[in-house]
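Engineer: Residue-level listing of the chains:
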Amino acid sequence: MTDELDDLKAALHRATPVADDKARARAMAQAMKNFDRLQGSAEEMRSKADPPVQAGFLAGVFSMLNSLKSRPLLAATTSAAALIAGFVVFLPIAGQLPVAPSKPAAPGVAREAAPADAEARKTVDETAAPKPAPAPAAPEAKVAEPQEADTTVAPQAELALPDVRGRVANGGALGLSADSAAPAITGNMTVYLEAEPAPPPVANTEAYANSPVNPVHVTAEDPVSTFSIDVDTASYAVVRSSLMAGMLPDADSVRVEEMVNYFPYNYPAPEAGQAFRPTVTVMQTPWNKETRLVHIGIQGAMPAATRPPLNLVFLIDTSGSMEDANKLPLLKQSLALMLPQLHPEDQVAIVAYAGSAGLVLPPTAASDKTAILAALDNLDAGGSTAGAEGIALAYQVAEGMKAKGEVSRVLLATDGDFNVGIDDPADLSKMIEKQRETGTYLSVLGFGRGNLDDATMQALAQNGNGTASYIDTLNEARKVLVDQLTGALYPIADNVKIQVEWNPATVAEYRLIGYETRALNREDFNNDKVDAGDIGAGTQVTAIYEITPPGSPALLNDPLRYGAAPATGDSKELGFLRLRSVKPGETQSTILETPIAPETAAPSPDALFAVAIAGFGQKLRGAKYLGDWGWDQMIALATSAKGEDAFGYRAEAVNLMRLAESLSAR
Amino acid sequence: MLMNTPDETLAEAALSGDRASFSVLIGRHYDRIFGLAFRLTGSRADAEDLAQDICAALPVKLRHWRAEARFTTWLYRVVVNAAHDLRRRQATRARAADGWGDWEIARQHHMAEEAEALDWLGAAMARLTPELRDTVALVLGEELTQAEAGRVLGISEGTVAWRMAQVKRQLKAIAAEEAT
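Protein chains in written order, with the numbering used here: chain B, 1413 to 2078; chain R, 8 to 187.
Some hints could be false.
Said to hold, decoys possible - Listed below are the simulated DSBU-like cross-link pairs for lysine-lysine, each with C-alpha atoms no more than 35 angstroms apart in a straight line:
id, chain 1, residue 1, chain 2, residue 2
1, B, K1984, B, K1846
2, B, K1421, R, K175
3, B, K2054, B, K2036
4, B, K1816, B, K1781
5, B, K1816, B, K1842
6, R, K179, B, K1421
Claimed, not checked - These stretches of chain R come out as covered by chain B in the derived footprint (C-beta under 8 angstroms, 3 or more residues):
id, region
7, 12-23
8, 140-149
9, 172-179
Claimed, not checked - Which chain B residues face chain R? A few, computed with CB under 8 angstroms, are given here:
id, residue
10, A1423
11, A1427
12, T1428
13, R1438
14, Q1442
15, A1443
16, L1785
17, A1786
18, A1804
19, Y2061
Note that these hints are calculated values from the structure, not bench results.
Even for Gly, the Cβ is constructed at its ideal location relative to N, Cα and C.
Just chain R, with the same shape it has in the complex:
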């Protein structure tokens, strides 16, 4: 029965201490958390760590969820913020080349071995700024509407549209480079 219950109802129940509801909620969203984490970081290991940390924190964090907000929107925001944190820490450790960045480096080393499409993806993601990558992860990866992505990122729909236009411009530029 719980399986068909909306997220928001489960979250409310979990907040009031209902174990089963919380369990269903986590189970329902783990893959989503992991997927977005991967698309934000470009690293499977980072994504698993992030997902694990987020799940571990969720019982307490849930208290900050407001019932008026859509649960998934809120959850996406939690993931994005967690990824930002990770990114910042990696930068602090001068390891900014992790994830998508590493991918790009690896690609240059083993260009022949890697599947061409993946190469292109890594290269493209590595060249986008973090903001654009976040936006891409939500709009293209999670297939959110621009309005939804805007709500997650705390920016306007217009900004999302503008960012996506930027992404497109940059992809075109990359394509042009490759053509030459």
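Chain B extracted, bound-state conformation:
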């Protein structure tokens, strides 16, 4: 040992405080209590909720140990890389949920120590606050189940010279979506070499796609508002999972339009031959007496009884981070739920990716449930993620399944961990974009928290003409994959863009609520090369504007002294709504135009509920325009507009509002 190290050692020993007796006693008492409980009945142990990021640590310890078994050689194979590593980001592994009894794993796939594993899943300690944990850097010495996938970083060990700058694997957001979240370094290994000590990079393993809240526009200066529709619902599920875990969601995780569009509405159905029908309702703004809301509800047509056959390629992330009960196991259950909804002529294929991509199930008729379920059961988490390779293979498989009149879709199921093996994440999006043009859609199903790369998911789904859903519970899986299967998988209108031209004579100011990440340039509206969202069969899309009439005390902008004279048109119309869309399989867009009348029918409960949810979303994002509109009013509005609510989605939303109210009061 040398002087410097001796100094450090001495200082370290001096600095280390003596353990506090009370803390020791507390910890020991807790340990004994848990020990006793464990000896009682393992079954009595309560399970734990979906863990949000800020939650506790204990859950992680269990999963950490579980993951040790499936990724035992990770550190061994990457240790040389770690040697030169400036910083390693560890995969969070969320806590174990009790797994519904699943089919016994096929012979040969049962992992070592499976009994202990299974037991641990059932016996999660109830004192533990739900928390995610890292995947371990260390292998469990005794259990070896080599994962070739994990060796991908190892060769870099050869570069372990202090002055060689190595590969920088930055797995941040794809940079496609306007992303106000801090650039995230996600994934299980971010390795960089530096000779000199660098400050550790800040690791943020949940990346959200969002943009600043839409500002108020002055109609005289900027009369046209253009945006792409958004049929994603992921944000609502993320918000719910945060609230259910007892925390207000990250403001950046709230996308108001996705919350509004989460709920099924019953807008007037389109006439025969039309793909969709917009319904415009003008109503009093609940949070501002001086303004009005323009609610635009678009109802997609239900397809004829005979929908075209679907070709589904499940692209499943089986990387180590997917091992938690609320990830891969939930995914397996979800897909099993979905199978009965498919028609016999539909085809299913499964591609897994984890380091090396593989075709787990060749294209199989959906009626062959046994084969599909067996293939699902054989999926096992382990290895690192190489999203690009897997996607390439999935598209290749989808290409092979294509036939005239059929709809092909790749369903990517992941926790959003994409960075190993992709040097340029933009390439991935480019590939998805190219595939979109050949008619293969991409939907993204997000699982788990703590590592969720929402930004990447959004980017991929938006580029793939698909939807991004976040699945946190089996209930949510049922909603996305069973109740709304047709809509989710079968598009009736592509590239749907909305443009509203406001009449300066009747509307002095306007603002679009939500859709921040979907804004388009005015000229993009008529440019079919510019991609936009798609409407699925039988689904609804809602957009809400808040408008202020001229002379209203609620105006936020003063008139310009040297501006043009205020517009004085004769038209009483508030504005003009244009909807542009492309029929699936075609390239030319068609336009649908309708004026927005100042007086419309009284708002339906559906519209009122959508408004309440829009208020909820804005409140969670930091209510800039809501004035003193309180939780109570929001809850009253939502409750009054609950309607039939056959599946209880709206009741759940009201409960979330109440939960958020209590949490924000803390």
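Since the structure of chain B is already known, use the hints to place chain R on it.
Structural biologist: Structure of chain R alone, referenced to chain B:
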């Protein structure tokens, strides 16, 4: 009698449900857990929380211990992993400056008031990368051999040696800076 029983035997007994053995095991190792947790995090509060969480989880976690592995090696690994988790969560909350980092910030604010040696320690630890800090905590703090530390961290002995050489280099660099 239990007091002299090896860890591994106690762990085996605890696994089969022996309460006394488990109690002795925890009592024997709490200070070790806390000490390593402190050296990994640089924060007393974090270390106490970590130790508490680890103890609470230990009954279940113990099932993953393999009798072939030395108990302390396994336990160190549990602590290191728990600290990694904490670090990751703190980073997620953009609170990466906790612990040793906070120390460095505090040091800059109250440079005159703090004991000089502690200042130097905080500064040195804050400048090391997390990997190097882990290695320092095990090799210098727990006084493990490089081979043992390697087993805990799941890296080779050579890697530990290399990391320690890095630490030394960086300490020298800090010393050089201070000299100027």
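Engineer: Should the hint that A1443/B touches chain R count as held when the rule is a Cβ pair under 8 angstroms?
Structural biologist: 4 angstroms, holds
Engineer: Minimum Cβ distance from A1427/B to chain R below 8 angstroms?
Structural biologist: 5 angstroms, holds
Engineer: Tell me if A1786/B is really an interface residue toward chain R, meaning its C-beta lies closer than 8 angstroms to one of theirs.
Structural biologist: 29 angstroms, violated
Engineer: Could you grab the alpha-carbon distance between K1816/B and K1842/B and see if it respects the 35 angstroms cut-off?
Structural biologist: Distance of about 25 angstroms is within 35 angstroms: holds.
Engineer: Between the region 12-23 of chain R and chain B, are there enough contacts, at least three residues with CB-CB distance under 8 angstroms, for the coverage claim to hold?
Structural biologist: As far as the region 12-23 of chain R goes, the hint is violated, because 1 residues have Cβ atoms under 8 angstroms from chain B.
Engineer: Holds or violated: K1421/B with K175/R, Cα cutoff 35 angstroms?
Structural biologist: 12 angstroms, holds
Engineer: Given the hint that K2054/B pairs with K2036/B, does the C-alpha gap stay at or below 35 angstroms?
Structural biologist: Answer holds: K2054/B to K2036/B is near 26 angstroms, not above 35 angstroms.
Engineer: Do at least three Cβ atoms from the region 140-149 of chain R come closer than 8 angstroms to Cβ atoms of chain B?
Structural biologist: Holds: 4 residues of the region 140-149 of chain R have a Cβ under 8 angstroms from chain B.
Engineer: Would the stated hint for Q1442/B survive a check requiring a Cβ distance to chain R of less than 8 angstroms?
Structural biologist: 4 angstroms, holds
Engineer: Would you check whether A1804/B satisfies its interface hint, that is, whether its CB is within less than 8 angstroms of any CB in chain R?
Structural biologist: 31 angstroms, violated
Engineer: Take a quick look at whether K1984/B and K1846/B sit within 35 angstroms of each other, Cα to Cα.
Structural biologist: Given that 35 angstroms is the threshold and the Cα spacing comes to 45 angstroms, the pair is violated.
Engineer: T1428/B was flagged as interface toward chain R. Is the shortest Cβ-Cβ separation under 8 angstroms?
Structural biologist: Cβ of T1428/B sits 5 angstroms from chain R, so the hint holds.
Checked against the numbered hints above, the structure violates hints 1, 7, 16, 17, 18 and 19; every other hint is satisfied.
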